[in-house]
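J.: This is what each chain is made of:
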Amino acid sequence: MNYIYDGTFDGFLTCVYEHYHSAKADGIFARGVYQADMLTPPREVRTDEGKARTVEAAIVKKISPHALARVYRVFRTDTDGKELMLLSYIRLCFKSGPAMAFLHSHPLVNPVEKAELKIGNEVHRLCGLIRFSAVCPAPAGGAGHGGEGHGGTVDSGAEAVAAQMREILYARVEPDHEVLEFLAPHFTDRFKSEPFIIHDTRRGRALVAWHRRWHIEDFTERDAALLENAPSERGYRDMWRRYFDAIAIKERKNPRCQRNFMPARYWQNLTEMQPR
Amino acid sequence: MDSGTMEKLAVLGEGAKYDVSCSSSGADRSNIGRIGSAACAGICHSWAADGRCISLLKVLLSNDCVYDCKYCVNRRTAGVARRSFEPRELAALTIEFYRRNYIEGLFLSSAVLVSPDHTAERMYECLWLLREEHGFAGYIHAKVIPGTSPELLHRIGLVSDRLSVNVELPSETSLAALAPQKKPQGIFGPMRQITETQLEHRTLSAPGLMGKLDSAFAAGVTGGRGAPIPAAFEQAGGGRRTGAGEPDDDFGIAIRQGGYPDRRRTYKERFAPAGQTTQMIIGASSESDLHIIRTSEALYRRFSMKRVYFSAYIPVASAPELPDMAMPPPLKREHRLYQADWLLRFYGFRADEILSAEEPDLDYDLDPKVVWALRHLEEFPIEVNKASLEELLRIPGVGNVSAKRIISQRRTAAVRYDDLKKIGVVLKRARYFLTCSGRYYGEGELEPCYIRDRMKGMEGLADPSRPVPILDRARIRSGLVGAGPEQVSMFDALSGRQGGL
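In the order they appear, the protein sequences are chains S and R.
Oh and the first sequence: position 153 is 153 in the numbering used here, straight run, nothing missing.
Oh and the second sequence: position 34 is 310 in the numbering used here, straight run, nothing missing.
Calculated from the structure, these hints are not laboratory results.
One thing to keep in mind: the hints can contain errors.
Computed spacing ranges between beta-carbons, pair by pair [stated by the list, open to error]:
| no. | chain 1 | residue 1 | chain 2 | residue 2 | range |
| --- | --- | --- | --- | --- | --- |
| 1 | R | R364 | S | V60 | 46 to 56 angstroms |
| 2 | S | V60 | R | G462 | 35 to 45 angstroms |
| 3 | R | E629 | S | S64 | 12 to 22 angstroms |
| 4 | R | E629 | S | S88 | 38 to 48 angstroms |
| 5 | R | K662 | S | A224 | 51 to 61 angstroms |
| 6 | R | E476 | S | P275 | 47 to 57 angstroms |
If you want the footprint, here are the derived chain R segments under chain S, 3+ residues with CB under 8 angstroms [stated by the list, open to error]:
| no. | segment |
| --- | --- |
| 7 | 324–334 |
| 8 | 377–390 |
| 9 | 679–690 |
Please read all numbers here as calculations on a predicted model, not as lab measurements.
Where is the CB? At the ideal position from N, CA and C, for every residue including glycine.
Chain R extracted, bound-state conformation (with noise of 0.2 angstroms):
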C-alpha cells in the first residue's frame, strides 16, 4: 500500500460527499464468488458526524473533471487537488476494507475524465476487477456518467447491483442555466436503457411507486400501450461475449471488441438487479416543491425508479446564477420533501393531491400528510376498526407497520385506544384524526385552526441546532430567466408519457 492511495482516498472520498445515495439494498445475494453477499434490507455500517450512514465505499476514480457545472466542487474551474485512483488499486482497496466489514460495498462515480466514455470504461475495468478477479460477490453500485454509450452502460449494469444517472436539477431550464455541458438526453436516454434492459432481463422488481401499479403506469414504463421493447440496444444485449483475456493496457479497445467474458459463466446474467435512482439538488434554482415533487413522481413512473434521492445545496462557489454563499442549506426543506417522497412511494398519495398550483410549496412547520389530512377533514375521523389498509394509511401517525399490526390484531380482537400506542401509532398526530370503536379522542373539535396550533406546539420548531433556512433569498437572488415558479418546464422525457425520447 503506497502512501498516495491514502492521499486520494481522502481527495477523493472528498469529492464523492455530496452524492447521496449510499444504501446497500434490493439486492439478495448469498456468496456466489469468494467474498460477499448481499442483504435485500441493505446494512448500514457506520454514520458520519454529519448523521448520514456510511455502507458502501463511496468515492470518485477521479475527479480531474472537463465539465464546468457551476454547483459542483469538481467542476473544471474549481481550485481542488486532482487525484485520480487505478482501478486496480481501488479494487484491492474495496477488498481491504469489505475484509474488515468497514463498508458493504462499492459506490463508484467519477468526474468526467477525458470524455465519457473513457471515464466509463475505467470504471468498468475497476468493477470488472473486483467481481473477476477478487471474486467479489458485494454490493456494488455503479454511478452513469451522462453520455456514456449503451454498450459500455451495458457491461457496467451486468457487474453493478444498482446503476444510477444523477437528474441533477429539477427542470431543463435550471440544467441549461447550471450544467451546460449535461443535456437531458445524456441523462434521460441511460435511464430508459436501464429501464427496458431491465425489462428485457425480468429485473424490474417492483416499481418505484409500491402499490400504484395501474395500467397507464405500467405503458408509461414499457413505452405506450403494451408496444414491444424497442430492440435498439440488441447489439448490446444480444449474444453472450465469449473468449478469455486479462485487463491490459488496451482495455477499451478489448471492450468494444467484445473481448472479456461476461461475469458469473455459470449464473444467469443479471442487469442491476436492485434498479437505478436518481438525485436532484434542492434550493439551487426557482423550482416550487410542486415542481419538484411532480418531477419525481414522474420519474418513478416513467423509469420505475427505486428512489429519487434530494440533495439540499450546499454553496460551494459563487456564480450569479447561483444562491448566496452565505446561504445555509434548506435541510428543513429537503426533509419535508422526503416525507412527501415517502407519501408518494408507500402511503399512495399522488402529487397532485399533497400540494396544487395554489398551494406549491410545503409547509415548513407540519409535516406534508398532516397538512393534507387538515385540507380534507371531510374525510376524517377514521375508525380503526373498519378502515382498509389505504385508509388507514391516510392517518397522520400511522405508518405502514402500524397499519398492518391493526388489521392483523383485528382479526383476533378489536383494537382499543390504550393498544394504539403500543401498536406503534403516534397519537400526538393520530388522536385528531380516529375513532376507535366509534369514540373520538382528540379533546375538542374536529376543526383545522384547533389542530394545526395543537401540532405546531409540539413539533420543536425553535430547535436552534436545525436552521429553517431563508428560501425566498435563495428563489430571488437565483430568479432564473426571470420565470416565475411555474412557469418553470417540466423535462420533455418526464411531461408527456411518449415526448422527449
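Same shape as in the complex, but just chain S (with noise of 0.2 angstroms):
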C-alpha cells in the first residue's frame, strides 16, 4: 500500500508507526508529489503527533540517540525515495540492533550515511560560502538614495555605529538540501549582537535570527524586495572582488580544482564570482 502524507517529519513518524500497527508501506510519498496509480489506491496517514513521539521514543531506545539524528538529518535532504529508504534503515535496525549502523557497506545502510554525508559537507560548505550583505529596511514611500557614495567610514565614529545598528544582514543561498536550521546555531552565535536573514531562494523560506534566537520562516522574493542595500555596502564588495583577483597567483591557475571545492551551482549569490 502508498502511503501519502503531508511531508512534516512529524508526518512521516506516523507512517512508521501505521507501517507496524495497520498496513505495510510499499511506498511512502509526500501530497504533491505522489502520482495516482490505478491498480492501488493510496492512503491518506493524518500526522498524529502521538504516534509520533511513540515512533521517536523507539528509535532512541532500541536503535541510539544518534540514529535519530541521523534519521532527521536524512528526511531533510533532497533524496528521492528518501521515506522509503529511511524506513528500511529503521525497520533493520530495528530487527537486528544498533550495531548495524557500523555495516557502512549494508545495502540499506550504505545509501543513508551517503544522504547524511551529504547534507553535512552542504551545511559546512554553506557555513564559508554564504555571502551577506548589509541591508536597511527600504524607507515607507520614500525614494531610497541607491547604493551609490561611500557614505560608511573606517572611524567608527558615532554616526558609522548608528548606521550600523540599523542594517541587517541578508545572505541568498540556493541549497540543494533544506539546511537552514543546521546553519543556525553557527550563525546564530558567530552573529549573536547582529540581526540576519538567511534566505532559501529555492523554497522560500528564511532563517531569521537576532540575539541568538531564530526562527524559520516563509520568505518571498517579495520580502526581499523590502530590503535594500546599505550605503557602504558597494565599497566593500569591490574591495572583496578586487581582494579575491589580488590573492591568486597566476602561475599556478588552475580552474578545475577551484570548480571541484566550489560548485558552479553556488556561484550566483557568490560576490567574488559575479562578472567584473
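Both chains are sitting in their own frames, so use the hints and assemble them into the complex.
T.: This is how it looks when you write it as C-alpha cells:
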C-alpha cells in the first residue's frame, strides 16, 4: 500500500507507526509528489503527534539517540525516495540491533550514510559560502538613495555605529538540501549581536535570527524587495572582488581545482564570482 | 572608507599571496566577544583562481621592506608600489569583511618596516584593536617577524590563535645564500619560545606527528630528559599586567611599560591555542627531497608544529643564485612532498622510511606510499580482516577514514572485497596489496615491475595542464657553493636534540 503524508517529519514518523500497526507501506510519498496509481489506491496518513513521539522514543531506545539524529538529517535531504529508504533503515536496525549502523557497506545502510554525508557536507560548505549583504529596510514611500557613494567611514564614529545598528545582514542561498536549521547554531552564535536573514530562494523560506534567537519562516521575493543595500555595501563588495583577484597566483592557475571545491551552482550568490 | 583602502588592499593582498598557510583550524571557540567564533575543523570561504582556498583575509600590514631576500617580491630592491595599512583601518576592514561572511578571520603578515620590533608593534596594535575594541572572537593567524623581541611575541601570541615563523629555506646554507639578513637564531628562537609558552600554558594540544608521541619526542620538545622548562621568558609571561588605556601614538612605549591590559580578562589567557606552523620554499635551492622531509620531521618533533607548508618557488627575480626565470613552479614536486608530509603526520611513517640516501628524491610518477609499498613487498599482502590500524594504514589506497571504517565494520561482520569500495578504499591501488578473507584480488603476481607499470598507466601522467618541471636544471643552475645535495647542512637547531639553541 502507498502512503501519502503531509511532508513533515512528524507525518513521516506517523507513517512508520502505521507501517507497524496497520498496513505495510510499499511507498511513502509527500502530498504533491505522489502520482496516482490506478491499481492500488493510496492511503492518506493524518499526522498524529502522539504516534510520532512513540516512534521517536522507540528509535532512541531500540537503536540510539544518534540514529534519531541521523534519520532527521537524512529526512531533510533532497533525496528521491528518502522516506522508504529511511523506513527500511529503521526496520533493519529494529530487527537486527544498533550495530547495523556500523555496516557501512550494507545495501540499506550505505545510501543512508551517503545522504547524511551529503547534507553534512553542504552545511559545512555553506558555512563558508554564504555571503551577507548589509541591508536596511527600505524607507516606506520615500525614495531611497541607491547604493552609490561611500557613506560609511572607517573610523568608528558615533554616526557609523548608529548606521550599523540599523543594518541587517541578508544572504541568499539556493541549497540542494533543507539546510537552514542546521546553519542556525553556527551563525546565531557567530553574529549574536546582529540581526540576520538567510533566504533559501529555492524553497521560499528564511532563517531569521537576532540575539541568539532564531526561527524559520516563509519568505518571498517580495519580502526581499523590501530590503535595500546599505550605502557602504557596494564599496565592500568591490574591495572583496579586488582582493579575490589579487590573492590568486597566476602561475598556478587551476580552474578545475577551483570548481571542484566551489561548484558552479553556488556561484550565482557569490559576490566574488560575479562578472567584473 | 577612503579610496586609498582599496588600493592598499590590492597591493598588500598581492604581496601576501605567496604565504601558503590559510587554514583556520585548530581553535574551537564560541563567541566570547561581540562577533565571531572559531571552528576546530576550520572553514574555507572561497577558492581563488589558482584553486587555493581563501579562509582568512591574508594581507601584509606593510610591504615596505628593509630586507633584501633574493626570492621575495617585496625585497628592498624590487620595483613595486609600497603601501602600509594603518592598524585601525585594517581592523575595521576585517570586521566589515567578517560580517559579510567573506572570511573566517585575519592572517596578518608584514614586510619588515623599519625594524622587526617596530613592525611587530604595529601588528600587535591592529590585533589588539580587533580583539578589544571590536570584540572580535574569530580566528587570527599572526606571522612572526624573525628577530621580534620575546615580550612582543608573547603579547601577539595572547591575541592570536595561530603563530607562524617561516623557516623560509630547508637548510642553513641556502638561507645564508638567499636571505642573508635572516639568521637561524632569529627564526628558531621564536619557534622555541612559542612551543615553551604553550607548554607552560598547557595549550600544546597535540603533537604535530599524530600518534607518535614517544619518549624521545617528548624529550625533544621540553628540551631534554624531563628537565623543567627554562624560565627565560618569565619576565614576559609572568605577572598579569593591569591598567587600562587606549592605544595612542606612544603605543610601542606603552607596551614595553606594560600599560595595556591583556585581552579576555574574564577568561583564562590562552597563548596561540591553534599552535604554530611554518613554511619553506621548494625549488629555489638545491636540497634533496630527503633533506626537506628530514627537516620537516625535525620541525614537527622539536617544536611540535601543526603543519610545515611547502611553497613551490615561483621566480620573481633574476639572480645568479636562483633558478632560471623561465622555470615553471615545481608543482608536481610540491604535491609529492605534501603526500610525504601526510605520511609523516597521519600514517605513522618516519622520514627515513620514505626516502634514503640511495634514493634521496621522490618519484614523480607514483605517490610515496606506493613507492614504499613496492620496496617492502615482503610485508604484503595484508589481510584486511586481521590487520591492526597501523598495518591497514600502510596499504596504498587505504586512508584514515577507510581504515577506521574497516575496523568498525569488522566488529559486526567480516569485510568482503565488494565492501571495500563502499567503505572508501581506492581499489585501483589497494587491490595489489591486500587480501580479503584470504583471497588475493590483484590479478597476476605480487611483483614490483608489474604493479608499477599498471599504476603508472592509471595516474594520468600526460596531463598537459600541470607541467612537470625540469628540476635538474634548477639544481644545476642554483648549485649552491658547489655542494652536492648530501653535503648541505641541516640547521644546527634541528640536527641535534640539544644543539644550536
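J.: Take the hints in turn and mark each one as holding or not.
T.: Verification of the hints:
The hinted range of 46 to 56 angstroms is satisfied by R:R364 and S:V60, whose Cβ atoms lie roughly 53 angstroms apart. One distance hint, 35 to 45 angstroms for the beta-carbon pair S:V60 and R:G462, is violated here, with the actual separation near 59 angstroms. With their beta carbons about 40 angstroms apart, R:E629 and S:S64 fall outside the hinted range of 12 to 22 angstroms. A beta carbon spacing of about 46 angstroms between R:E629 and S:S88 agrees with the range 38 to 48 angstroms that was offered as a hint.
For the hinted restraint 51 to 61 angstroms between R:K662 and S:A224, the CB-CB distance of approximately 59 angstroms keeps it satisfied. Distance hint check for R:E476 and S:P275: the Cβ-Cβ separation is about 52 angstroms, which falls inside the suggested range of 47 to 57 angstroms. For the segment 324–334 of chain R, the assignment as covered by chain S holds, since 10 residues bring a beta-carbon within under 8 angstroms of that chain's beta-carbons and 3 suffice. A stretch counts as covered by a chain when three or more of its residues have a beta carbon under 8 angstroms from one of that chain; for the segment 377–390 of chain R and chain S the count is 3, and the coverage holds.
Counting residues of the segment 679–690 of chain R whose beta-carbon sits less than 8 angstroms from any beta-carbon of chain S gives 6, enough to reach three: the coverage restraint holds.
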